[in-house]
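S.K.: For the record, the sequence lines run as chains A and B.
Numbered per this note's numbering, the first sequence spans residues 17 to 381.
Numbered per this note's numbering, the second sequence spans residues 17 to 381.
Note that these hints are calculated values from the structure, not bench results.
Any given hint could be a false lead.
It does not matter which identical chain is meant; a pair holds if it fits inside one copy or across any two.
[As the list claims (entries may be wrong)] Restricting the straight-line Cα-Cα distance to at most 20 Å, the calculated cross-link-like pairs of lysine to any residue (SDA-like) are:
1) K224 <-> K289
2) K252 <-> E304
3) K376 <-> Q42
4) K350 <-> E334
5) K367 <-> C346
6) K179 <-> Y190
7) K273 <-> R336
8) K168 <-> L217
9) K246 <-> G131
10) K179 <-> R138
11) K201 <-> T182
12) K331 <-> I314
13) K350 <-> E248
14) K246 <-> S198
15) K104 <-> V230
16) K224 <-> I132
17) K367 <-> D235
18) K303 <-> L260
19) K350 <-> R79
20) K179 <-> S92
21) K168 <-> Y220
22) K224 <-> E248
23) K338 <-> L308
24) K338 <-> L217
25) K179 <-> E135
26) K179 <-> I132
27) K273 <-> G231
28) K289 <-> P274
29) K75 <-> S45
There are 2 protein chains.
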Amino acid sequence: MSIRIDPWGYSVIEDYNKLFDLFGIQPFSEDLISQLDEVPYYVRRGIVFGHRDFDLLLKSIKRGDRYAVLTGFSLSGKLHIGQSLVIKSINWLASLGNSECHFILADLESYLIRGIPLEEARKLAEEDVLPNAIALGLDPEKCRIYLQSREKNVQRLAITLSKRVTFNELRAIYGFDPDQTSTGKIFYPLINAADILHVQLDEYGGKKPTIVPVGADQDPHIRLTRDLAKREGFVKPSSIYFKLRKGLLGEKMSKSKPEAAIFLSDTPEMARKKIWNAFTGGRPTAKEQRELGGNPDICSVYEAFVYDLIEDDEKLLEIREKCVRGEIICGDCKELAGDLLEKLLEDLACKREEAKEIAKQLLSE
Amino acid sequence: MSIRIDPWGYSVIEDYNKLFDLFGIQPFSEDLISQLDEVPYYVRRGIVFGHRDFDLLLKSIKRGDRYAVLTGFSLSGKLHIGQSLVIKSINWLASLGNSECHFILADLESYLIRGIPLEEARKLAEEDVLPNAIALGLDPEKCRIYLQSREKNVQRLAITLSKRVTFNELRAIYGFDPDQTSTGKIFYPLINAADILHVQLDEYGGKKPTIVPVGADQDPHIRLTRDLAKREGFVKPSSIYFKLRKGLLGEKMSKSKPEAAIFLSDTPEMARKKIWNAFTGGRPTAKEQRELGGNPDICSVYEAFVYDLIEDDEKLLEIREKCVRGEIICGDCKELAGDLLEKLLEDLACKREEAKEIAKQLLSE
């Protein structure tokens, strides 16, 4: 636990500090980590960098209170590896105590925000997102899984919540343009809030603490939801925040640039090719790199080790140090990453095929 | 049919003409009336003063097309007599051809616009609005009756439609203030549009012409809905417009001024008292009135004859002429109105008691 590796480098840490100052996200501190029996690698490496009221949740869990673990995914593209940690975190969070679990397939989000027809979104959920999530460990026996467009309690609560907030309040959070923004986009944050809060309705066992693991960019939704929870008399949900992945090209990992991300349904060959073309922290020549060393803090291959491929901290540190000292060069790391990805993707593919039947059953009307 | 009595006087007709010019409402013309086999008194008296595409609907009906008759009421107060004509018109409109009928209890409207809790709205529907509507002739065997908050297809369609319109488009129609208007109020017009359009979803038999009888103040909803119908590929709904009642105090009849309106659940004594205090077109003294005559065009008692109490045109004209010539004075009319109201309210009360059990069954979850 003394090893804390930050995959983003200091300049990026400064940005995350801004989130602390500007929005009141609390840092995921050593003190908080020391209260955990099991510390997943993405927590001890600071990939989970912040939270809201996670400490309160832990207290509540220690009292034996029932709590909900809840997260969801927009259905706007195939699941990529950058999204897998949030899914992995569900089982960890559920294991902390007397929990229930909810997994949201956000087809209304992909429809209202990105214009993807609901039927197309459902298909994507059935064929890619849900099978991959199950392959990553989501347990359909233990976790309620639902499509937003089919959940009338969520839609009804969203309408109820909409009474509590004005256009300008939402504009202040989301930057809406009154001439460009559709009423659907204006309304969507209420659906998101209703996803999180509806598990506190009587039909779902009443008020309870809730923990929402999400990417850092989802914090506006969390802020709004916590505000609405207060106004409507729900327990304010807690959250933990994951740092956003850089892509293989050194930018934010995105579904719209297939070469910048490893998709969970990529073949090992495709993944190996992407890794081979990935942005690294290497030097112009191998000779220079052996002399001066590489820079893992800006290297997307090293990022893949940190986030997805190497859970053993000592092994990771060894690679980092060898890179910095010039003892290994980019080709070595790419080779290793390709091998590890092959193993990971083959394992996923096998589990995914089994999961497809379950997904189909869950999403048939 | 040559007798056309206008209960509003010429100045008010000028206002309605503005609706024709400004918004493109079409006048409910003699030509249109001549196409009807049965002409209800509220149509021949010009209380139904305008429409949108009612002529197209008639053509469609003559071709034998199935069509929907659809209207609804906000649940923000007890039903008053000013609302009864729209309800009466349902059976007339349904009798024109191969129709189906939908009656909406708009609890989301009373919640989002007026802040009335859904449970309170449901209770009002169960105890007053629905029993009175049934007493007025709404037939629960032939007409689908639903509470907005329970109709998931409406809510889902509202969300779908919300993608099609921006904040500023709605502001242009409704005059929303971005600082004051809740997202719920911004969103409500989409629920209203979904009420009207959802009957064209496959689950309800697919696309079809629809006729919506409403008060003139509901036209903004109709304009938006027709626009959205076009954008989403539904048949544009037709509408007919009722003039808004003046109240017994000479202003718009309103639920918030109980002395200005006769409520359908008022006792005959209460009604008689309200009529006795009502604003008339009389002169300062009985003597003067006998010499100069009264003015029925501004008289709220005469308005009650026109709208609710006297269906026989000749009898109505006789009263009008006697008033103008000073042959009867206000006390005479108030006496008559009290007697007619007593009969009407007693008849309603009797039917309403029977209808309460049906309403309770319909609205139990």
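S.K.: Looking at the structure, which of the earlier hints fail to hold?
M.R.: 1, 2, 3, 5, 7, 13, 16, 17, 18, 19, 24
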